[in-house]
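Go by the hints and put chain B onto chain A.
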Amino acid sequence: MKVKMLSRNPDNYVRETKLDLQRVPRNYDPTLHPFEVPREYVRALNATKLERVFAKPFLASLDGHRDGVNCLAKHPKSLATVLSGACDGEVRIWNLTKRKCIRTIQAHEGFVRGICTRFCGTSFFTVGDDKTVKQWKMDGPSCGEEEEPLHTILGKTVYTGIDHHWKEGIFATCGQQVDIWDEQRTNPICSMTWGFDSISSVKFNPIETFLLGSCASDRNIVLYDMRQATPLKKVILDMRTNTIGWNPMEAFIFTAANEDYNLYTFDMRALDTPVMVHMDHVSAVLDVDYSPTGKEFVSASFDKSIRIFPVDKSRSREVYHTKRMQHVICVKWTSDSKYIMCGSDEMNIRLWKANASEKLGVLTSREKAATDYNQKLKEKFQHHPHIKRISRHRHLPKSIYSQIQEQRIMKEARRRKELNRIKHSKPGSVRIVSEKKKHIVAVVK
Amino acid sequence: MSGSRAAESSLLALSQQEELEDLPKDDSLSSSEDEGDSDGERKHQKLLEAISSLDGKNRQKLAERSEASLKVSEFNVSSEGSGEKLVLSDLLKPIKTSSSVAAVKKQLTRVKSKKTVELPLHREEIERIHREVAFNKTSQVLSKWDPIVLKNRQAEQLVFPLGKPQSAFAPIEHVLSGWKARTPLEQEIFNLLHKNKQPVTDPLLTPVEKASLKAMSLEEAKMRRAELQRARALQSYYEARARREKKIKSKKYHKVLKKGKAKQALKDFEKLRKVNPAAALEELEKLEKARMMERMSLKHQNSGKWAKSKAIMARYDLEARQAMQEQLARNKELTQKIQRASESEEEEEGAGEEGEPLVPDVVNEVQAKVNGPNPWMFRNQSSDATEPEIQEDPDEGAEPAGHEASESEDEEGPVAEEDILLKEFEERRSLRQKSGLSGPVGSPETKDSSSQEVLSELRALAQKLNKENHRSGRQEVSAARTGTILEVQRDEPAEEQEEPLLLQRPERAQTLDELEKLGREGCLQNKELPRAAVEGQRLKTNPNNHLGAIPKEKKRKEQMIDLQNLLTTKSPSVKSLAVPTTVEELEDEEERDQRQMIKEAFAGDDVIRDFLKEKREAVEASKPKDVDLTLPGWGEWGGVGLKPSAKKRRRFLIKTPEGPPRKDKNLPNVILSEQRNIHAAAHQVRVLPYPFTHHQQFERTIQTPIGSTWNTQRAFQKLTAPKVVTKPGHIIKPITAEDVGYRSSSRSDLSVVQRNPKRLSIRHKKQLKQNSVD
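Quick note, the sequences are listed as chains A and B, same order.
Going left to right, the first sequence walks through residues 127 to 571 as our numbering numbers them.
Going left to right, the second sequence walks through residues 2 to 775 as our numbering numbers them.
Chain A extracted, bound-state conformation (with noise of 0.2 Å):
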């Protein structure tokens, strides 16, 4: 007689020790699992509303500048330190987990107008409004000695910036011309203009280290080449940039902060049309980073916000704010990604987190599939309309908002006029001009 009976391996169900988790069968029959979207679409609109609950990104801020921060250096080993300049002259040093200043340098007389910090981490530079470039030890002086910088050197006119180069001692800053200097030297070694006008910043390449960028007051970007010691292209927007930053990924491309509102990105072989118009801001841009990953970067504005882009979106994907925080003169991505420091108006450096609603700290390995199950479904559901309502919905400030909506208005006007032209002029006479080469003005070789 052949007797049927179930006989399972203990294997299969027995946990080898008690740390283990339970082992739970599945079955994956499709059946068994009705309404997959349905489900999946009402998990991706929890997961959208709980990321809007969550979004906390303010952390600390840093109070002791007694003026407004106005330059912001990441050093460039460790995490934990921030440098910062203010408009009196004082340079802080931050230490980030404690959040508190470690050490306090008056270094120049009126603005700190730079500061950057040498690729090795053991000394910074700072330029300021008394004509001066000074090097300083990165660590304090020890117990007795005073407070003095290794290098000053004296010159001619004023400095408005300042950028170390990546590898190698050099350093470049600017004013009426860019100056590269060796470190050793109290000479420039090499000097690059073209036209008169006061530079406001420049900037090396993090990948190919010997090309820099630098924006001119005459509303123009140039670029330069180290090795050739000869500037290589000028391209001239609507209105002046105050900075430009590089990606860190992608060796031609950079992006600057305009006074008109927006940030451009350009593929610097192509100057003539930017790869990406970003427009969210409704004031000046001020300064822009990139994340050290190279897929977003970080705007501060006159508006009073900070805003996060993504790099081939053209509009913010965050904006931060708080009641306190006031022009944001200097931000800085940290080089984890994890982080954003902003300095603004009020003295105070304030931290935010990357992603607003990140949990910080160490993820047990379910919350982290949670985390990324859940991501990859507003990823997935980002077109439906209530998901896409409420992850883009945002708190702003009344000046903001309301400023927003003149925007849209003027916007909407000069498109309706435009559109009028066309229509009451000769067909072919009135060329339209895309929103990406409106705002270039000319590309000078």
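Hints listed in this document are in silico derivations from the structure and should not be mistaken for laboratory results.
Accuracy of the hints is not assured; some may be wrong.
Unchecked claim - Within a straight-line C-alpha distance of at most 25 Å, the following computed SDA-like cross-link-like pairs (lysine to any residue) qualify:
hint, chain 1, residue 1, chain 2, residue 2
1, A, K537, A, V570
2, A, K439, B, F693
3, A, K537, A, D398
4, A, K514, B, N678
5, A, K182, B, T727
6, A, K562, B, T694
Then chain B, alone, in the frame of chain A:
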């Protein structure tokens, strides 16, 4: 002829001309002695020319003339090289070369070779050229990053910080070689291990395997492997086929298969007999042996578990009965053959018996068993006797019905009659056995006599049966001719087989009600009712023969939802669904039971009718309405209760055109609403999002679930992998050439700058110029 004449005439003409021409020449030229000579020469020339022109082509040449004036100028200087220019140095050239003049000459050449210096380019222009060249160079350098940038942009996942991919796991030998035993315990273990020459790692192949690998050449191994593979594939194929065939439930199929096999075997055997009689004989022997083996086993004895269970079921189940009868027939077949053989054997045995009368009965029996025939037959017959006994009871009940039945159900008649005959036979058999019980049962004589008697009886019975069959007008059985019980038995299953087929015909037209009844019956059958009740039920079973059940049916009809009525009016397709044939019905009895139960449970609420009503309403509501623009009282007599005239109504009624046919027109149990649902629309994507080019693409992305509910763990992880992964607390440095495998420039930027490249080489400058020209 004419040609030669023409030539002659031309010659004549020429001579005349010459004479004419000669006259002035003679005048102009000074008289000289060699006049006549020259004249003669010229004439000769002319003559030659005329002759040469005779062949059709006019080859008159102009006479050469030379003028003296060119050769001799008035200064008496020859101007042969008139193309050459007079060069100053030629004039200076003295007859003898002198050193002082050479220096002057050199100076002169230098002065001549020097050109005027071009105006230098404007400084801005130069800078512009520099910039352009530098920009082109830089662009070239940068474009090496293009593929990397593109790759990173399209990457499914980017893990930061970038760097070399993690090295693969080191093989265990490497790890072990780097590891040393430190503690005494470890050392002890190591010593033990090494003493036994235990391999540290599991070698992939044992030494034997290695040796065998070496022994076999690669090709050989490959061939062998292919062979093995083929064999395995074939085996698996046959296995699969066998499994598939085994799975086929159809009895008919198996029956046909068996029959076909038997036929094939017979055919083969015939062929073999013709071709090779010896082999055929052998085959026959083999067959005989097989048969004996089969007979030795208890197959077809109606004694197995299956047979017993069938015997119980046979009362109620047509099929079981049929199967049993089939088995019996097989048994009979076996025994019958033996009988025939035994007839010849009998004599032998008889002779043997005469020779050995002292052999005890038991031995005889055993011998008989070995030889095959008799005890089997007896047992069989006795079992035969028991078998109809089992069948008796239903037959008893069926008998009167069969007799009273009208012409329409005559088909059951023969069966019943057969049964009766069998019964009679049975009774006689039992009687005989009873009588023979006193005598020695095991003795071959009695057996033989009894068997003879049986045979004769059977013949008689068969003849009787045949007559009856003829009387009932059926061409059924040919049992009379063969005259053996075997064939009667054999025919029985055949008849039984036919039965359902015949019964089906009237039943196919059955409606639901009858099905219900059948179902009820099935329920009842499942319960173990007393026999009488079952018999009573059986009476009712045949729908055609009893009239008493009809009122009951009607009652039932009223109770249940009149499905047929409802659905047949709606669409014919539903009817076909709702009224399955009886064959189907027999097959899925369980399902039917369940349906029946559900039907009974929800007897009260008329869901289908409600649904149909709802649908009708929905259809009505969706139909476009006519617009009536009649104004009562306009142009007519007014007053209470006056209706506008039909003519007027007809005139002012605006008929809306009929819309497209509804999509659920042919779907009886579906209502398709074509109206937009605003509640759902709030959650739907209105316009196709950007990267998608077709709505199907987008829908597909939405329809594939990514959750772990629908995907395995591995797939889930893959599907939800984030695009950018960063490690907390790690500094992400900008991408470098080394990261992506490019050779970074060895020259430092600083050194290049310090070389001061402002001074450009002459070659470079030339290149610049060329560029500027371009």
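Each hint tested on the structure:
1. Distance check on the hinted pair: K537 of chain A and V570 of chain A sit about 29 Å apart at the alpha-carbon level, beyond 25 Å; violated.
2. The suggested pairing of K439 of chain A with F693 of chain B holds, with an alpha-carbon distance near 16 Å, which does not exceed 25 Å.
3. In summary, the hint linking K537 of chain A to D398 of chain A is supported, as the alpha carbons are separated by about 23 Å, within the 25 Å threshold.
4. As the CA atoms of K514 of chain A and N678 of chain B are separated by approximately 20 Å, the hinted pair is consistent with the 25 Å bound.
5. At roughly 20 Å between alpha-carbon atoms, K182 of chain A and T727 of chain B fall within 25 Å of each other, so this suggested pair holds.
6. Taking the CA atoms of K562 of chain A and T694 of chain B, the gap is near 24 Å; set against the 25 Å cutoff, the hint holds.
The structure is inconsistent with hint 1 alone, although it conforms to all the rest.
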